[in-house]
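Take these sequences, add in the hints, and give me the full structure.
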Amino acid sequence: GENVEQHPSTLSVQEGDSAVIKCTYSDSASNYFPWYKQELGKGPQLIIDIRSNVGEKKDQRIAVTLNKTAKHFSLHITETQPEDSAVYFCAATFKAAGNKLTFGGGTRVLVKP
Amino acid sequence: EAGVTQSPTHLIKTRGQQATLRCSPISGHTSVYWYQQALGLGLQFLLWYDEGEERNRGNFPPRFSGRQFPNYSSELNVNALELEDSALYLCASSWGLQITNEQFFGPGTRLTVL
Chain V
9 GENVEQHPST LSVQEGDSAV IKCTYSDSAS NYFPWYKQEL GKGPQLIIDI
59 RSNVGEKKDQ RIAVTLNKTA KHFSLHITET QPEDSAVYFC AATFKAAGNK
109 LTFGGGTRVL VKP
Chain Z
9 EAGVTQSPTH LIKTRGQQAT LRCSPISGHT SVYWYQQALG LGLQFLLWYD
59 EGEERNRGNF PPRFSGRQFP NYSSELNVNA LELEDSALYL CASSWGLQIT
109 NEQFFGPGTR LTVL
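If you read the protein sequences in the order shown, they are chains V and Z.
Okay, so the first sequence: first residue is 9 according to my numbering, each after it adds one.
Okay, so the second sequence: first residue is 9 according to my numbering, each after it adds one.
None of these hints come from the bench; they were simulated from the model.
Any given hint could turn out to be false.
Quick list of simulated restraints, FRET-style, between CB atoms [claimed, not checked]:
| # | chain 1 | residue 1 | chain 2 | residue 2 | range |
| --- | --- | --- | --- | --- | --- |
| 1 | Z | Thr13 | V | Glu91 | 21 to 31 Å |
| 2 | V | Thr86 | Z | Ile20 | 37 to 47 Å |
| 3 | Z | Phe68 | V | Lys103 | 19 to 29 Å |
Glycine included, C-beta positions come from ideal geometry on N, C-alpha and C.
Structure (structure tokens):
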């Protein structure tokens, strides 16, 4: 079935340290993996995405890696800042379910100054 | 450019009543998605509309329904409300049918069922 597991559910880091969030998916045909950031009282916002033909993508302090063989992908945030505190969601497409996005359960990240 | 807007911000209903939630997509976007975000949980896909047609539906009972109007705005209806329907309902819009097109989310409607 369609399933995206996300770990950890909460993550507390010291300002300046790195944060890593990992997701695994069940559909080997999945080909699109976005990451969303949700701040308090707001809707999720896309921060980075990766397609299945790419193994890694970077955008300033944020990077995403994809391991298609193991069916997992990760979000890396370097030099964390207080404004990185939010809930982060990974997602994956599931063609067998009519090509829709399935989201992970979310990771609450707290960056301590 | 205006983002995705949703109304109302908050909605309080009692069990058994009906709720109607509204969404206006970003100008030019033809696809509208609805998600349910229960407390402490991730986003659960509800419905996807594009060009007035229902394109996909999540694993929710038929009392969750909706429609998309000619101006691409959308409405989500929840009939026979149950306590567990209490959640944040998020609407997102994107351009075109490709699932890989970025989905832009609104701030959500907080539905409370008493």
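Status of each hint after checking the structure:
1. Z:Thr13 x V:Glu91: 21 to 31 Å: 25 Å, holds
2. V:Thr86 x Z:Ile20: 37 to 47 Å: 43 Å, holds
3. Z:Phe68 x V:Lys103: 19 to 29 Å: 20 Å, holds
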